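Protein chains in written order, with this note's numbering: chain A, 1 to 301; chain B, 1 to 282.
Heads up, none of these hints are tricks.
Below, computed lysine-lysine pairings styled on BS3-like, alpha-carbon distance capped at 27 Å:
| hint | chain 1 | residue 1 | chain 2 | residue 2 |
| --- | --- | --- | --- | --- |
| 1 | A | Lys-112 | B | Lys-8 |
| 2 | B | Lys-137 | A | Lys-56 |
| 3 | B | Lys-137 | B | Lys-81 |
| 4 | B | Lys-187 | A | Lys-12 |
| 5 | B | Lys-187 | B | Lys-168 |
| 6 | B | Lys-168 | A | Lys-12 |
Some chain A residues near chain B, calculated using beta-carbon distances under 7 Å:
| hint | residue |
| --- | --- |
| 7 | Pro-38 |
| 8 | Ser-42 |
| 9 | Ile-45 |
| 10 | Leu-99 |
| 11 | Leu-114 |
| 12 | Val-120 |
| 13 | Val-124 |
| 14 | Phe-130 |
| 15 | Thr-184 |
| 16 | Ile-229 |
| 17 | Arg-233 |
| 18 | Asp-236 |
| 19 | Ala-276 |
| 20 | Phe-280 |
| 21 | Met-283 |
Source of the hints: derived by calculation from the structure; they are not laboratory data.
Since we're looking at a predicted model, the values are computed, not measured.
Every residue, glycine too, gets a C-beta built ideally from N, C-alpha and C.
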Amino acid sequence: MPDTAPSAGFWKRNQLRIAPILFLAPGALMFLIYVLIPIVQSVWISFHDWDGLGAKVWIGLGNYAELLDDDTFYVALKNNLIWLALYLLAIPMGLAAALFLNQSVWGIRLYKSLFFFPFVISQVVVGLMFTWFYAPDFGLFSQAIHWLTGAEVAILADERFVTLGIIAAGLWPQTAYCMILYLTGLNNLNPEQIEAARMDNARGWRLLWHVILPQLAPATFIAMVVTVIGALRSFDLVSIMTAGGPYGSSQVLSYFMYEQALSEYGYRMGYGAAIAVVLFLIMMVFITLFIVRMIAQERNR
Amino acid sequence: MFPTPIHKASPALRIGYQVLLPVALVIWLIPLIGVAVTSVRPASDLAAGNYFGVPSGLAFENYAAVFRDSPIGWYILNSFKVTVPTVIGAVALSCLTGFALAVYGFRANLWVFFAFVAGNFIPFQILMVPVRDMTLKAGLYDTTLGLVLFHIAFQTGFCTLFMRNFIKGLPFALIESARVEGVSEWKIFRHIVLPLMRPAIAALSVLVFTFVWNDYFWATVLVQGSHAMPVTAGLYALNGQWVAAWHLVSAGSIIAALPPVLMFFLMQRHFIAGLTLGATKG
Numbered sequence: 001m002p003d004t005a006p007s008a009g010f011w012k013r014n015q016l017r018i019a020p021i022l023f024l025a026p027g028a029l030m031f032l033i034y035v036l037i038p039i040v041q042s043v044w045i046s047f048h049d050w051d052g053l054g055a056k057v058w059i060g061l062g063n064y065a066e067l068l069d070d071d072t073f074y075v076a077l078k079n080n081l082i083w084l085a086l087y088l089l090a091i092p093m094g095l096a097a098a099l100f101l102n103q104s105v106w107g108i109r110l111y112k113s114l115f116f117f118p119f120v121i122s123q124v125v126v127g128l129m130f131t132w133f134y135a136p137d138f139g140l141f142s143q144a145i146h147w148l149t150g151a152e153v154a155i156l157a158d159e160r161f162v163t164l165g166i167i168a169a170g171l172w173p174q175t176a177y178c179m180i181l182y183l184t185g186l187n188n189l190n191p192e193q194i195e196a197a198r199m200d201n202a203r204g205w206r207l208l209w210h211v212i213l214p215q216l217a218p219a220t221f222i223a224m225v226v227t228v229i230g231a232l233r234s235f236d237l238v239s240i241m242t243a244g245g246p247y248g249s250s251q252v253l254s255y256f257m258y259e260q261a262l263s264e265y266g267y268r269m270g271y272g273a274a275i276a277v278v279l280f281l282i283m284m285v286f287i288t289l290f291i292v293r294m295i296a297q298e299r300n301r
Numbered sequence: 001m002f003p004t005p006i007h008k009a010s011p012a013l014r015i016g017y018q019v020l021l022p023v024a025l026v027i028w029l030i031p032l033i034g035v036a037v038t039s040v041r042p043a044s045d046l047a048a049g050n051y052f053g054v055p056s057g058l059a060f061e062n063y064a065a066v067f068r069d070s071p072i073g074w075y076i077l078n079s080f081k082v083t084v085p086t087v088i089g090a091v092a093l094s095c096l097t098g099f100a101l102a103v104y105g106f107r108a109n110l111w112v113f114f115a116f117v118a119g120n121f122i123p124f125q126i127l128m129v130p131v132r133d134m135t136l137k138a139g140l141y142d143t144t145l146g147l148v149l150f151h152i153a154f155q156t157g158f159c160t161l162f163m164r165n166f167i168k169g170l171p172f173a174l175i176e177s178a179r180v181e182g183v184s185e186w187k188i189f190r191h192i193v194l195p196l197m198r199p200a201i202a203a204l205s206v207l208v209f210t211f212v213w214n215d216y217f218w219a220t221v222l223v224q225g226s227h228a229m230p231v232t233a234g235l236y237a238l239n240g241q242w243v244a245a246w247h248l249v250s251a252g253s254i255i256a257a258l259p260p261v262l263m264f265f266l267m268q269r270h271f272i273a274g275l276t277l278g279a280t281k282g
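For reference, chain A alone in the conformation it holds in the complex (with noise of 0.2 Å):
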């Protein structure tokens, strides 16, 4: 066959090593001028002192030692850590309700899509709900509360419970999120191997542990990566309920860096973007974790 212009047959010799450049170019320019390079500009205004109009300062570690100074900061990194320990309740809870949803009864694909409904909603609704349900006087919790132990309660104005009250509204759709993950982890069981268990006498906890579990080891990984990684992004829920309230007690850092880059005393861009790198590297640590694991895995292919 004799070769045509000259550039149709260099595009035929290279076709299998530039095609993929050129699939990928758009969606990879997208992603790297959006998300990657903000990146790295965040953690270089992270040096300055900057209000987003004028000129950038560079003030170095400042806001990293301003920030070791800062009350908030502390009240914001402890509740993070009690948003962590506390979210992951969703992934037994998420269990139990698939364990409890797995059977076929009639309506019982009904009765899964409503309980997982919460998921579904935004969170800005999620966190007017329960707003609503712990309101004083009359939510509904907190006449639970008054009517089981005589007590007044305002969960959302109360530094000892606000955080809790607002983990708590998260963990509703977060444990949906769960239970979906491992309904399907259910329905992918290996039978035989349950049935092997079975006639070995193992039952109840003993088979749910050493058979079950091991198999839902995958479910498992998913519902801890994104359990993780929506304990730290939490932000809107504490803005909706709380602002950071009362008196910055259920501060958390995505909220504490929003509020300082764009607080209406005047905007801190610097100081909000060293907030930001610390809750990033946070998560990096994390990241990292999962990556690995993942790489892992590819390799296992």
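With chain A's structure known, arrange chain B on it following the hints.
Just chain B, lined up with the frame of chain A:
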């Protein structure tokens, strides 16, 4: 099957289970039911202190009032203007990137893939200042287009992960035999792989729709005025105006929640297939 199917259990247990199901559901959904009931409760009930008894009537005029007296209809329209182009853009871009990463074995392949995956998990706050600044400079601050561009870029990370794994599951022999026949790479993508990606495209569309519709953070960072405000941020603003008018807040909440809920019930199978990607195989 685990746990043991209930129809093998004793009749008492079986009936117990059937009774427990609706009870558990009602308890689980109490915050939702409360808000749904409040949304049709006449304002006079609230004034009289009847917050969670039986409503004295069904006040659908709460919904009419919300649409009449607030720009919520406009906010909903804005949400669509942000969500629909984002779904199209992110799904289209990730079809291409997913194909590139699944089919070609170039050296940087895994690194590019994991950059997409990792970018997907980062906190939004690390992007906030530069993205806001960039949007301002491009003259796109306070526009739906500014939100759309950011959402497309960010969602492409998750979508690429999804598409790449989906295409990896297709039989590679299809592509190889087409190459032997001399079919160009673009035609392989367009006529062989893309038609097989329909279920993945459907699943991603519903998921991205829900994620972007429910976004609140970027709606507050990249938009200020009500003319481009999506319904999440709009609802928060209205909540500030409707102090303690819980019948209006509730009706507004239900309206804002409705589109993704409908999407979920209509496309449930796709939605769950997308969400549970990776939950079954290691």
